[in-house]
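**Student:** With chain A held as given, fit chain B onto it using these hints.
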Amino acid sequence: MSEAPGVTRTGGRQLPISPKLPTVRAACHGPVGADAGAGAPIIALAGAPNVGKSTLFNALTGLRATTGNWPGTTVDVGRGAWRFKADDRVCACVECSGECAVNRVHEFSLVDLPGTYSLDPLSRDEELTRTLLVDAPVAERPDAVVVVADAAHLARSLYLVAQLRETTHRVVVALTMNDVARKAGVEVDSYALAESLGCPVVVLDPRRRQGLDNLTRAVREALARPTPSPRLTGAAALDDLSRDDERFAWVESAVRAGTTGSGAERVSTSDRVDRVATHPVAGPLLFLAVMWLVFQVTTTVAAPLQDALDGLFSGPVSDAVRGGLAFLGLGGSWVEGLLVDGLVAGVGMLLTFVPLMALMFVLLALLEDSGYMARAAVVTDRLMRTIGLPGKAFLPLVVGFGCNVPAIAATRILGDARQRVLVALLVPFTSCTARLTVYVMLGTIFFERAAGTAVFVMYLASIFAVVGVGLVLRRTLWRTMGAEPLVIDLPPYQAPTARLTAAVSWTRLQGFLRTASGIIVVTVCAVWLLQAIPAKPGYGFGEAPVRDSAYGVAAQAIAPAFAPAGFGQWQTASALVVGFVAKEAVISSWAQTYAVEEPEEGAEDLGDFGDQVAAAFESSSGGHPLPAVWAFLWFLMAYTPCVATLAAQRREVGLKWAVFGVAIGLVVAWLGAVAIFQVGRLFW
Amino acid sequence: MTATITLDRAPLGTPLLLTSTHPDATVARRLASLGLRRGARLSLVQRLAAGGRIVSVSGGRVAVDADVLSRLEAEVAA
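Protein chains in written order, with numbering that gives the first Met the number 0: chain A, 0 to 683; chain B, 0 to 77.
Isolated chain A, as found in the complex:
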């Protein structure tokens, strides 16, 4: 793993970058049904970041859009079917089947390329765009390129057109943000602009789905024309600087011909908002307030919904399944255990994440769509730069204090694949609310009135772990990752649209459910199976107490590894094993373990359970329970949060890095726990 992170990727179609180049035709295969049929013309959607390219992609493909992972770059490239009727007339069929010449639906295969200002790549995302549009063999390039251009900042968008005119691509310019341009005092004459550019220009509003038919018509007309010859500009004979000057001069000429007015000197509403949002003092405070709101919504608002779903599955759904099995004569059998404690519990656990994830995706979409995310990146840039990350990396880390699973998904806001992997590895060290329950319980047992302070210390420890591990990784595996200068385009603020927010959130939620469902259900079933398998003679399947099950025996085998950290009892080890699946289950399974061992003690009573836990730490630590508890809390904070986080990591950065993350977590957790106990026992 000495190579720069993010250069390999699993879970997607393997595409070598070199020497065999990826191509649009060969590489963009999404799931069956998501894309257009074979033979459909391939249209690439290109353009600078923040011009509404992905919005246009979603508007043209509806919710049929899919994303494919691109190994070697870790870039998401959207691909979907762009369906349209080829004829504007009303058909004369008596009973139209939809297959007549008028009503027949045609389709393009639409590819959403990573945002880029030019064909000179400065990032892996931009490398991919260049590779697909320029370096791929001509026969494997898209049939046409739609360049999405921001009418409010036209000059920035047209440099890409200037470069594409030097290739054989059919180009259509889709002009977005026209309302923003008008507000800024800029009027675009699309006909004059088209004449100056030498390609069709279509005015549209993808957020409101206006002008899409005109774009379809323009692309169809472009496809009907022969492939253009590369425009002879003389640029090829020039050096880089002169070539750039020639292109920029061409762009300026086109902008002059196609626009009137300039909003450059106007103080806009966005400027007034930015006086607060990016202010050296007020900006960070506003950012913290926004993050606090995100944190509150994703934890407190989702909590009752999660509890309701949990109650539904552990109550009525489980009861119904038990009733059904009893009716079939399978009541109390291992089949009941598998279905109720395995599958139903597993599916229930998965679904309890849905409200949390949905809320998080909605909030992220709102922040992205409004334009605030770019400001958040500016105000946090200085802090995050200490571990070599840009400011916007702060967002997923903050989200992680609510729940690590959506935080991993939130790493998508990072454009650089190496940064995305690094943050995805750091997120598990942020202390999620599930771990909070254990902190509070042990704090109450061991620190009584100082329990709140103990919990606060754990949050400080969590921040320490994030920064410490970040620094170590930055100076080892990530040492070749250069520090980026802060040069961030600040798009004007805009009111988020409900349709776009819902569409983006739903697409992301679907992706989470597709990936996480399998691993969570399988792991929960595996834990149930291990608890059902007797490890000692005299018990049938599903009849052995936990101590004598394969699960209990495995916990007893693992327990000695924790002896140097002062908590080497098998019950404690088993709680940590369950915690690997979900920290939410730690307390209940821990209490259940003691209940099974000593049922006469009435372990339903938390007081007795607390006494047992205190006695266990006293015993295993050789009379130094407090250092052992701190060591246990550190271990609990630092090792793998849950399988759902693991599943999210696998989805976002690939299996290899997910496994690497587990290893880092275990190493940091164990070394830290041993150090805390061994040093602490000298004083307590």
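For the record, the hints were derived by calculation from the structure and aren't laboratory data.
Ideal Cβ positions, reconstructed from N, Cα and C, are used throughout, including at glycine.
One thing to keep in mind: the hints can contain errors.
[Unchecked claim] Straight-line distance between alpha carbons at most 25 Å, and here's what the computed SDA-like set of lysine to any residue pairs gives:
#1 Lys84/A / Ala223/A
#2 Lys182/A / Gly12/B
#3 Lys182/A / Val471/A
#4 Lys182/A / Val44/B
#5 Lys655/A / Val471/A
#6 Lys182/A / Glu72/B
#7 Lys655/A / Gly467/A
#8 Lys182/A / Thr13/B
#9 Lys84/A / Asp134/A
#10 Lys182/A / Arg40/B
#11 Lys655/A / Val666/A
#12 Lys182/A / Gly50/B
[Stated by the list, open to error] Simulated DEER-style distance windows between Cβ atoms:
#13 Pro229/A / Thr3/B: 31 to 41 Å
#14 Thr3/B / Lys84/A: 42 to 52 Å
#15 Gly184/A / Ala76/B: 13 to 23 Å
#16 Ala501/A / Asp66/B: 15 to 25 Å
#17 Ala76/B / Val658/A: 49 to 59 Å
#18 Asp66/B / Gly609/A: 39 to 49 Å
#19 Ala2/B / Val300/A: 28 to 38 Å
#20 Ala449/A / Ala49/B: 35 to 45 Å
#21 Val133/A / Ala2/B: 39 to 49 Å
#22 Pro225/A / Ala49/B: 47 to 57 Å
#23 Gly184/A / Asp66/B: 48 to 58 Å
[As the list claims (entries may be wrong)] Which residues of chain B face chain A? A partial, calculated answer using Cβ under 7 Å:
#24 Val26
#25 Arg28
#26 Ser32
#27 Leu47
#28 Ala49
#29 Ala62
#30 Glu72
**Tutor:** Only chain B this time, still in chain A's reference frame:
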């Protein structure tokens, strides 16, 4: 002859003409793609933490850190 000044020292709200490019070609290209290239008219509209500024150029706004600003020269536009 008009005096030049690096952008990290330029006042807010004054129309400026960029007279140099960033010495790092990669950064220069990024700046150029956002409109910050030699000959561009710009103004600084907002202070950021650690000496950064929001630059108004070509109708857009770009946040730039102090280090990059210190390597860009400009003169007051006529």
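**Student:** Kindly indicate which numbered hints from before are broken by the structure, ordering the numbers from low to high.
**Tutor:** Numbers 3, 6, 9, 12, 14, 16, 18, 19, 23, 30 - these are the hints that the structure violates, sorted from lowest upward.
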